[in-house]
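*Asks:* Residues per chain are reported as follows:
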Amino acid sequence: MPRRSRMDTVKIAFRNRKFQFGFGLLMFFVLFALIGPLFTPFAWDGLYYEKVGKIELASYSGRHLPPMSHEEIYTYTGKKVEVLHILGTDIQGKDVYAQLVYGLRTSLWIAVLAAVIGTILGVTIGFVAGYKGGWIDEILMMVVNIMLVIPAIVLLILVAAYLSARSPEIQAIIIGLTGWPWVARAVRSQTLSLKNREFVSLARLAGQSDSKIIFGEIMPNMVSYVFMAGILQFSGAILASATLDFIGLGPTTMVSLGNILQKAIAYNALQFGWWWWFIPPGVIITLIITALFFVNLGMEEVFNPRLRRGGE
Amino acid sequence: MRKVLAFGIVALFLASLFGAGLGMAAETLPRNETIYTANSAPPTNANPFSGGNIIGIDGLVFEPLFMLNFMQSKLVPWLAAEGKWIDSTTYQVKLRDGVKWQDGKPLTAEDVKFSFELYQKMGLKKYEGLREIKVVDDKTVQFLFSGAPNVWVWNQNLFTTLIVPKHIFENLDPNKIKTMTFLGDEKKYLVGSGAYKLKEVVQQQKSILERNDDWWGNKYFKKPAAKYIVQLYVSSNDQAVNMFIKGDLDVGTYYMDIVSAKQKNPNIVSWLDKYPYFPPVVPVVLYFNTERPPMNQPAFRRAIAMAINPYQIVNQGPISDVPDQTPLGAIMGPWKDKIGVKKLIDQYGWKYGDVAKANQILDQLGLKDTNGDGIREYNGKDIVLKFYTCAGCSDWIQAGEIIANQLKAVGIKVEIEKGDWTNFFMAHLNSGDFDLALHWAGTFKPDPYSVYYALMYYKSKDDKGAANFGNYHNDKANELLDKLAHTPVESEQINYLKELTKIWLEDVPAVPVYMGTLFYEANQAYWKNWPNEKNPYGVPIFWPGFGTWGTALALLGVESTATPTQTTTTTSGGETTTTSGSSTTTSGGGGGICGPALIVALAAIPLLMRKRR
Amino acid sequence: MGFKKYLARKTGVYLITFLFAVTLNWLRPRLMPGNPIEAMLSSNLGLAPGEKEVLMKYYSQLYGLDKPLWEQFVNFWVSLFHGNLGYSILYKAPVTDLIKHALPYDVVILLPAIALSWLVGNWLGAIAGKNKRYDRYTMPLFYFLASMPYFWFAMLLVYFVGVRAGWLPYQGAYAPDLIPSFSGDFIASFLKHWILPFLSLFIVMIGSWAIGMRNMIIYELEADYVRYLEALGGSEKLLTKHAYRNAILPQVTGLALQLGLMVAGAIATEIVFNYPGIGILIMNAALSQDYFLLQGAFLMVVISVLAANFIIDLIYAFIDPRVRTSYTEG
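Quick note, the sequences are listed as chains B, P and U, same order.
Per the numbering used here, the first sequence starts with residue 1, numbered consecutively.
Per the numbering used here, the second sequence starts with residue 313, numbered consecutively.
Per the numbering used here, the third sequence starts with residue 926, numbered consecutively.
No lab work stands behind these hints: they were computed from the structure.
Ideal Cβ placement from N, Cα and C applies to all residues, glycine included.
Incorrect hints may have been included.
[Claimed, not checked] Over 10 Å on every C-beta distance to chain U, these chain P residues come out as not near it, computed from the model:
1) 343
2) 429
3) 486
4) 518
5) 550
6) 555
7) 604
8) 607
9) 656
10) 693
11) 704
12) 732
13) 733
14) 795
15) 801
16) 869
[As the list claims (entries may be wrong)] A few chain B residues facing chain P, derived, Cβ under 10 Å:
17) 53
18) 54
19) 58
20) 60
21) 67
22) 69
23) 76
24) 91
25) 271
[As the list claims (entries may be wrong)] Straight-line C-alpha distance at most 25 Å; calculated SDA-like pairs for lysine to any residue:
26) P/478 <-> P/567
27) P/725 <-> B/148
28) U/1017 <-> P/745
29) P/773 <-> P/745
30) P/650 <-> P/497
31) P/417 <-> P/386
32) B/132 <-> U/1017
33) B/132 <-> U/938
34) U/929 <-> B/148
35) P/576 <-> P/539
36) U/1017 <-> P/493
37) P/490 <-> U/996
38) B/51 <-> P/493
39) P/574 <-> B/273
40) P/490 <-> U/1017
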């Protein structure tokens, strides 16, 4: 198959409707995470801060207010301020919209970090296994198989439960450490098939060094796989992070989407009908993962034309 | 192949149903004769001495000489008609007439002596200073001490030592008793003197206590109204809330947003009839690590105490009430009146929420903010205090965040560190590696001596009050506590307590920040006359191991509501079946069949359409 | 023979996995600082001065935590072979009993959910693979379904079906005043409480199977052998049958790989419904560091997943003729 130049690939990708839709949706959320805070006077914890001298003091809002409720808060120093709760407040009086936006940031950040860690780890291991072959391959694949069989969530729970303090970075690391086997497998099989291709043998005959072959011939053909693997890691990481947070083993220092859902359940938001608390975080997670799905779909169609179904 | 698969799935499904259904034929208990309560661990152990997790084994099955009414901090004579110090080293107890065991045999002084000695043999209690227990006659026991004992600890032993039948327990090996669950074969040893017997524990999911109609207490107190007391296993607060709203639970101690819960089910009540509804019991205090400067200076601690505003914590934080400046809780009202706490606070105490004065004191101490970042400095470095708490303790985290905000206003920065309960939080507290922390360990006690002892006693790292996390050291206080321990005369006790309160107010070893509440809720649909503020005859602690703190009193005092909901009137035999079961799951029962039927129908359509091919 | 080699290899991997996972799980909590007895006692209020040390000694002996590490390890394997998984500190009951009571509830929602969603999902996906119009309208729905976190969909079900409409109960496995038995009462209550948890797993799972199957069918339908059959005049039914047979193979291996995610979904779903399965046990054990319970529950999950994998591998070996003739890894 002739190699397309990378610019061409990108251009075709953006013309693919599925890719457009997914990418657009994803960008919308990234943008939302970035500029969302501009529309609300509340900080990341949902509280209103006013500056007194050099320090910022928090003031509290009414509890479980419905969306779009206006409220007059008396700040710490006694000033009267009128605020709008776009998505209402939760049981502790914290603004939901603010928590959502900052929580989205945290979730995206953790997922990106975890995806990068998982992908790099997976690519390295998969590549080494495929290229070197022999008993290195056997051992690495055994490790991969073992890790694939044990449900990642159990490993995550075990590790998270024994850490005394959990920061977002640590969560990203452990998610990355349980996610790499998938990438490794895919990369390995791709490496295997490429290793014995004509252009590689040609390059070897021409006397090119190993590293030149790796970076010059094999890598470029894997970029697509690596990229798609990365996207899958990203969506998997969002889900894993949300699930971990929901179980209660999430970061203890910041708010995240799964965290918000966990509190909603713990305070019976479902029974008391505070729908603005538990519906938006879930919708956001679902839409982001859907977006990633479509991005992946689009890319698959670009790289594998057989999957295209009209509309390209 | 598909058929095999389908068959296999159905078989597995039925097999697991069988697994879940392993058990005897059910009899449903009549709803209006059963009290449903719950615990956050399944009922797997009926050991009355330690490790049991069934509410009521202590208190309703086995009984002590005295019951504690925790809400009033006083002892209620129970098996004992009276108990008193006949001299400074001898305590005499006289049993009531007619006390007997559930197998009919009379309960005598021999049983009392045996029980106390059994606790010693099992290694569970030491009874410091007790040298001999004398049986004077069938109804009278004397406890002889070498030297004047600690009267407060002895009082606690009076309600925490259960009296067990000698004629049954003398055949058991004291070392083995510790590990018995008293279930299954061992259930036959559960012969107590109390108003209820353990009927059965079903599959480690629920325990059933059944009324003992031959109880000796029927003639002194009233006959208990509930024939059965069932304890369910409810592991989380949100599950408990659901069950209370539905009416499946009658009473429990679970945290909930009681305001919203009452809106959904108006039958839910608690201790007070207005906000905060839950009974305020003991204060939660903010500990200082008194070994670290600048917290080693009482003036600094005082300034922080002044900067704290409990009203804000009560309004925005956990459901609670406003405390006073002493660590003695709302339950010690009578003691506080006798000690004259209000006057002492006026004389020696501080004013909460007095930010101006707090700033003044801090300025006087020389802790100024020289680099203009808003935080005061000590020895050239910003004052940053680390506040340790547990990651799951949402009420403490809430309070901590509010406190941090309040201290910011006087130029002190607080960083909140969260982690798990044992390895992080308690580890830091016990090793003295913290700056600030919240806890009620020192205040949740049945008498004022125990509170002051736990919070202020310090002879060495290994000999200090169990809740003196901040290692507060005061020789005068130690002396007072030693004297107070051995004084049975109330007027002298009051004097010592006055002195201790004065020291507390002047030195501020810790700051009470809010009056913690017991998360107690009850459902009046089937049972009424639950203890409350106006009628504090019992104590709403529904955790196992606290039966003698007043829980038994509560469960014995409720009355049946006259109007049951739409059940069939079941006979007291209790073997009737279907209808009483459905009444508890009523809410929306009309749609009960339509919903599932609809879903099954929807699911069936694609399957049906498929067959046509 | 290739088949034997295949089985032997798989068994070997699973055995090693088992030993490795279990040892790691056993070792980890004991390497961490802290003491579970301390945990248990510090939540125990109302202890008189001096009582705490007495009780700590008593409990340490009871749970055997005062012995050296290697002795604890040996004891663990010995008791494992006797079917004794230790004593839960949190629940004060033998771990085997707790798991025994919890496992059926998991099986009862997971097994039907997995099996039915696999069957229904593949069937729907196959239709989408063949029928372009159906594909265009239903695929977006499947994508959306597959993207939903299990527990969030569970929340939606609880809120709309349980709380707002009041059609079905949404908490626990059966009404609290009943006792598990074979009475019609109990079974009716059990089934009513079963529906929502089952649905929350079933509906979301359908999505991913449908998507996978649809892609495989498209892939197969474009393959040479199908074109060949078509040219020969084979009926559509014939084509479909062969394409389906080939497309289903990766779905079977996919099933094995997805088991991990499903266990995750089940745990979170149980939390929403307060369904008394192993998920809740694991969560509580993790949050309160109940070593023995965590060990035992983890063991149970690993064994189940390994067993399921093994069964699926067996099935795969039967249906994929390539395995039977010559086994190649890949």
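*Asks:* Hint check: residue 478 of chain P vs residue 567 of chain P, CA-CA at most 25 Å. Holds or violated?
*Replies:* Given pair residue 478 of chain P, residue 567 of chain P is violated - Cα atoms ~40 Å apart, limit 25 Å.
*Asks:* Decide, holds or violated, for the assertion that all CB atoms of chain U are farther than 10 Å from the CB of residue 704 of chain P.
*Replies:* violated (7 Å)
*Asks:* CA of residue 773 of chain P to CA of residue 745 of chain P, is that 25 Å or under?
*Replies:* holds (13 Å)
*Asks:* For residue 555 of chain P, which was marked as not at the interface, is the minimum beta-carbon distance to chain U over 10 Å?
*Replies:* violated (7 Å)
*Asks:* Sort out whether residue 273 of chain B lies within 25 Å of residue 574 of chain P, counting only the CA atoms.
*Replies:* Holds, at roughly 14 Å.
*Asks:* If we take the beta carbon of residue 801 of chain P, is the closest beta carbon in chain U still more than 10 Å away?
*Replies:* Given that every Cβ of chain U is farther than 10 Å from that of residue 801 of chain P, nearest at about 22 Å, it holds.
*Asks:* Restraint: residue 76 of chain B near chain P, CB-CB cut 10 Å. Satisfied or not?
*Replies:* holds (7 Å)
*Asks:* Please confirm whether residue 732 of chain P is truly not at the interface, meaning its C-beta sits more than 10 Å away from all C-beta atoms of chain U.
*Replies:* violated (7 Å)
*Asks:* Taking the shortest Cβ-to-Cβ distance between residue 656 of chain P and chain U, state whether it exceeds 10 Å.
*Replies:* holds (25 Å)
*Asks:* Between the alpha carbons of residue 490 of chain P and residue 1017 of chain U, is the straight-line distance 25 Å or under?
*Replies:* Since the Cα atoms of residue 490 of chain P and residue 1017 of chain U sit roughly 13 Å apart, the hinted pair holds (cutoff 25 Å).
*Asks:* Please settle this one: residue 518 of chain P was flagged as non-interface, so is its CB more than 10 Å from every CB on chain U?
*Replies:* violated (7 Å)
*Asks:* Regarding the hint that residue 91 of chain B lies at the interface with chain P, is the smallest CB-CB distance below 10 Å?
*Replies:* Holds, because the Cβ-Cβ distance from residue 91 of chain B to chain P comes to roughly 6 Å (cut-off 10 Å).
Hints 1, 4, 5, 6, 11, 12, 13, 21, 22, 26, 27, 28, 30, 31, 32, 35, 38 from the earlier list are contradicted by this structure; the remaining hints agree with it.
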